[in-house]
Each structure stands twice: as C-alpha cells, then as structure tokens.
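The sequence shown begins at 1 in my numbering and counts up by one.
Hints are not guaranteed to be accurate.
What the hints assert, rightly or not - With a straight-line Cα cutoff of 30 Å, these simulated DSS-like cross-link-like pairs (lysine-lysine) come out:
1. 132 to 152
2. 78 to 8
3. 213 to 132
4. 215 to 78
5. 209 to 152
6. 152 to 8
7. 184 to 209
8. 78 to 209
9. 209 to 193
10. 213 to 78
11. 184 to 215
12. 152 to 193
13. 213 to 152
14. 152 to 184
15. 213 to 184
16. 193 to 213
17. 132 to 184
18. 78 to 132
19. 193 to 215
20. 132 to 8
Derived by calculation from the structure, the hints in this document are not laboratory data.
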Amino acid sequence: MSDLSTLKLFATQPHPCSYLDGQEATTVFVDPAAEIDPSLYTQLSQLGFRRSGAHLYRPQCLRCQACVSCRIPVRLFKPNRSQRRCLQQNSDISLNITNNINTEEHYSLYARYIENRHQSGDMYPPSEEQYKAFLTSEWGITQFIELRLGEKLIGVCVCDQLGDGLSAVYTFYEAGLDQRSLGKFAILAQIEKARSMNLDYVYLGYWIKECDKMKYKIQYRPLELLVNRRWMRLN
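Produce the complete structure using the sequences and hints provided.
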C-alpha cells in the first residue's frame, strides 16, 4: 500500500473556477496509480482531500483559498429548529443501507435528478457509464443510504466510510418534493448513521463563503473548518 509520506501528487493547469466567477482554480490529484486503503483515505480526508470516482483531489489555487474543508462533529451536533422540522416532516421516510446501486431503479432516479437540476453542469447529459465512474471506486468503502416512501425510492446518499467518519460524496433525489428538503434530510440521515456506527464526523467537502450554493453547510453546528492545516471549531 502507498504511504502518505511518499505519495505523489499531480497539479492541473489553471482553469476557470466552477464556483467563483472570474477566478482561476488549480486542482491537486493523488497519483492514480497509488494503492489506496481505508487508513490512507482517512488521512487524506483529514488533510482536505475529496473523492470523485476513483480520484482523490483537493483545490490548491495560486491566488485564492476560498475553498475550506468542513466536517460535522456528530456527537456534538444539535439540530436547529429548521432541521428538527425537516426530521419531523420526513418521519415517514424509511432508510435502508445497501452496497449496490447498479440497478435500473437507482440509475433512473439519478438520471432524472441530473436532468432536472444540473442541465448546465458537466454531468449533463447523464449516462450509466458516468454514473458508475462518478459514484464508486474499487478501493473505497462506499455505502448507499436509500430514502424510501413506502416501496418508492426517492433519494440516495452516497457516502464513504472512513476511519473517523463518513464522507458525504453525493446525494440525488426525486424532483417535485421540494417541500421535504431532501438534501437537508440526507445530511441529517448521514449524521445519524455516523453516530450509530460510533464515528466522529461527517465530512461535507468544501465550504465557500462567497458561494450561495455552499451556504447550507454552515447551518450545521458545530462545524469544523480546516484552516492552515488545523481543524477549527465553529460553534
């Protein structure tokens, strides 16, 4: 297995930032040939790396440090009024853990989600090949939390099990259920799942203060932010 001290990293050329207009981004990737195990994946997550498909990456921009890694300390988390309302509103949803989402039911939900919410993104149009490549990896310990109303699948949380927590990779859900706030409910479900597994954190990826799409992450308190390679708690 690869070791953190000898791990090779590769940086992309500067490219337009996906989150902040007018900014250039540079992304650092872990060597795709590196052998990743759960221990190394956990260490990399603690240093701010994220998984997308089989790749591990983090921003390393020359003139900007707006992307801040964040995680929820689940033992200390207390839902606010809005989050309690969300839990109550979705008390009829059942949660089921599965290790396989290579079914027509799961892919159809994913495709509808991309078509309804991300037509301007690089994941459109959806394809089964892209679906499998994006959400899974051969070395990741990936779990899928199904959200069901009765027998109907209405959402899936994709999360990786780390040594110290769950890493929230992606969530997709049914359109037309906006009143349920399924994105919010999905995070709350992962917090509860991490607690039940006696884990410490849910890693949410990057928070960007100036990006409206990222503002929801700051609603989960306390929240820990990775600043100057140290995790700082925001109460």
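Does residue 213 pair with residue 152 here, judged by a C-alpha cut-off of 30 Å? Holds, at roughly 28 Å.
Mind checking the alpha carbons of residue 193 and residue 213 for me, to see if they're no more than 30 Å apart? With Cα atoms ~25 Å apart, residue 193 and residue 213 stay inside 30 Å; holds.
Between the alpha carbons of residue 152 and residue 8, is the straight-line distance 30 Å or under? With Cα atoms ~44 Å apart, residue 152 and residue 8 exceed 30 Å; violated.
Is the straight-line distance between the alpha-carbon of residue 213 and that of residue 184 30 Å or less? 13 Å, holds
Would you check the hint for residue 132 and residue 152, treating anything up to 30 Å between C-alpha atoms as holding? 22 Å, holds
Are the Cα positions of residue 152 and residue 193 separated by 30 Å at most? 21 Å, holds
Between residue 132 and residue 184, is the straight-line Cα distance small enough, at 30 Å or below? 24 Å, holds
With the threshold set at 30 Å, check whether the alpha-carbon distance from residue 184 to residue 209 stays at or below it. Holds, at roughly 19 Å.
For the pair we were handed, residue 78 and residue 209, check the Cα-Cα distance against 30 Å. The given pair, whose Cα atoms are some 22 Å apart, holds under the 30 Å limit.
So if I understand the rule, the pair passes when the alpha-carbon distance is 30 Å or less; does residue 213 with residue 78 pass? Holds: residue 213 and residue 78 sit about 23 Å apart, inside 30 Å.
Pair hint outcome, residue 213 versus residue 132 [Cα-Cα no greater than 30 Å]: Holds, because 25 Å separates the two Cα atoms, which is no more than 30 Å.
Are the Cα atoms of residue 132 and residue 8 separated by 30 Å or less? 26 Å, holds
Figure legend: structure checked against the earlier numbered hints; hints not met, in rising order: 2, 5, 6 and 18.
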